[in-house]
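Residue numbers (the UniProt record's numbering): 1 to 289.
To be clear, the hints were calculated from the coordinates, so they are not data collected in a lab. Please note that a few of the clues may not be correct.
Unchecked claim - Okay, the calculated beta carbon distance ranges per label pair:
(1) His-194 <-> Pro-279: 39 to 45 Å
(2) Pro-85 <-> Gly-275: 35 to 41 Å
(3) Val-122 <-> Asp-277: 31 to 37 Å
(4) Lys-151 <-> Asp-186: 20 to 26 Å
(5) Asp-186 <-> Lys-59: 52 to 58 Å
(6) Glu-176 <-> Ile-26: 34 to 40 Å
(7) Ala-191 <-> Asp-81: 43 to 49 Å
(8) Gly-149 <-> Leu-246: 41 to 47 Å
(9) Arg-10 <-> Pro-213: 29 to 35 Å
(10) His-212 <-> Phe-61: 26 to 32 Å
(11) Lys-151 <-> Lys-50: 22 to 28 Å
(12) Asn-216 <-> Ile-26: 25 to 31 Å
(13) Tyr-287 <-> Lys-59: 44 to 50 Å
(14) Ala-198 <-> Asp-285: 19 to 25 Å
Stated by the list, open to error - Simulated pairs of lysine-lysine, BS3-like, Cα-Cα distance not exceeding 30 Å:
(15) Lys-78 <-> Lys-34
(16) Lys-34 <-> Lys-127
(17) Lys-271 <-> Lys-102
Every residue, glycine too, gets a C-beta built ideally from N, C-alpha and C.
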Amino acid sequence: MEKRISGSTRLLSLIGTPVDHSKSPIMYNYSFQKAGLDYAYLAFDIPVSKVADAIAAIKTFNLRGSNVTMPCKSEVLKYMDELSPAARMIGAVNTIINEDGKLTGHITDGLGFASNLRDSGVDVAGKKMTIIGAGGAATAIQVQCALDGAKEIAIFNIKDDFYEKAKQTIASIKQEVPDCIVHIYDLNDAAKLHEEIATSDILVNATLVGMHPHENETPVKDTTVFRKDLIVTDVVYNPKKTRLLLDAEAAGSKTIGGLGMLLWQGAEAYKLFTGKDMPVSEVKDLYFN
């Protein structure tokens, strides 16, 4: 790394919290080096309360751009000069591009999630999905799966601000993809959660529940909902197998972890940063298996 850094090296970043577990620096720095690009990528632990300072730093230090992880994806929205159509529809940003101080916000989470499923031989077209969560990543997944042909989506979230925001997401999906049936329910209604999972093809945890250091937590406490023909996937990738995935695996369900989503959404962001394709196969073999 020290041999690559020069006076002209341009910085990129990851902001959010926690970030100490992130594989993004390894993934991007390897890809920059492989392509001979004069960029360096670092992760910064930034809570929501410091987002304004982080955005100011991106401009002050003329970073090429930044990735944004939870819980900052919705907060950064207000500081963008422009938004991609997907970011505007979803109401969240996970990739910022800096063009001479003009910041454009993009969202690649939904594309990364869909690519991760396809890479595991799963197509959402014609499927019913239960998605737990209504934050930035969850919303991106909901919108992308609807656009990719999901038949029905049941969203579960606690009754907070994100719950109300999910109602707007549902309205957007109904307008853009009227054939996709979407409902939202209270995550505290365990009976309804059980009922919806029982008739779903795919279950998604799109929350932070189960992430290190809270590995023993799970958004689905009733393990009787898992069955052999249910596909269970998690956006959390530290640990590689969450409690949710372990419980589902024990019941015979096909499980898909969150590492692949990170890889594929990163590949989309890499192209936005550089205009080039990330060496996905090499990065996957080196860091994601």
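Consistency of the hints with the structure:
1. His-194 <-> Pro-279: 39 to 45 Å: The hinted range 39 to 45 Å holds for His-194 and Pro-279, with Cβ atoms some 43 Å apart.
2. Pro-85 <-> Gly-275: 35 to 41 Å: 19 Å, violated
3. Val-122 <-> Asp-277: 31 to 37 Å: This hint is violated: roughly 23 Å between Cβ atoms.
4. Lys-151 <-> Asp-186: 20 to 26 Å: 23 Å, holds
5. Asp-186 <-> Lys-59: 52 to 58 Å: 41 Å, violated
6. Glu-176 <-> Ile-26: 34 to 40 Å: 36 Å, holds
7. Ala-191 <-> Asp-81: 43 to 49 Å: At roughly 46 Å between Cβ atoms, Asp-81 and Ala-191 fall inside 43 to 49 Å, so the hint holds.
8. Gly-149 <-> Leu-246: 41 to 47 Å: Taking Cβ atoms as reference, Gly-149 and Leu-246 lie about 30 Å apart, which means the hint is violated.
9. Arg-10 <-> Pro-213: 29 to 35 Å: Holds, since Arg-10 and Pro-213 (Cβ atoms, about 34 Å apart) stay within the stated range.
10. His-212 <-> Phe-61: 26 to 32 Å: 30 Å, holds
11. Lys-151 <-> Lys-50: 22 to 28 Å: 41 Å, violated
12. Asn-216 <-> Ile-26: 25 to 31 Å: 27 Å, holds
13. Tyr-287 <-> Lys-59: 44 to 50 Å: 31 Å, violated
14. Ala-198 <-> Asp-285: 19 to 25 Å: Since Ala-198 and Asp-285 have Cβ atoms about 38 Å apart, the given range 19 to 25 Å is violated.
15. Lys-78 <-> Lys-34: Between Lys-78 and Lys-34 the Cα gap is close to 35 Å, so the pair fails against 30 Å, i.e. violated.
16. Lys-34 <-> Lys-127: 39 Å, violated
17. Lys-271 <-> Lys-102: It holds: about 18 Å lies between the C-alpha atoms, which stays within 30 Å.
Going through the hint list in order, the structure does not satisfy hints 2, 3, 5, 8, 11, 13, 14, 15 and 16.
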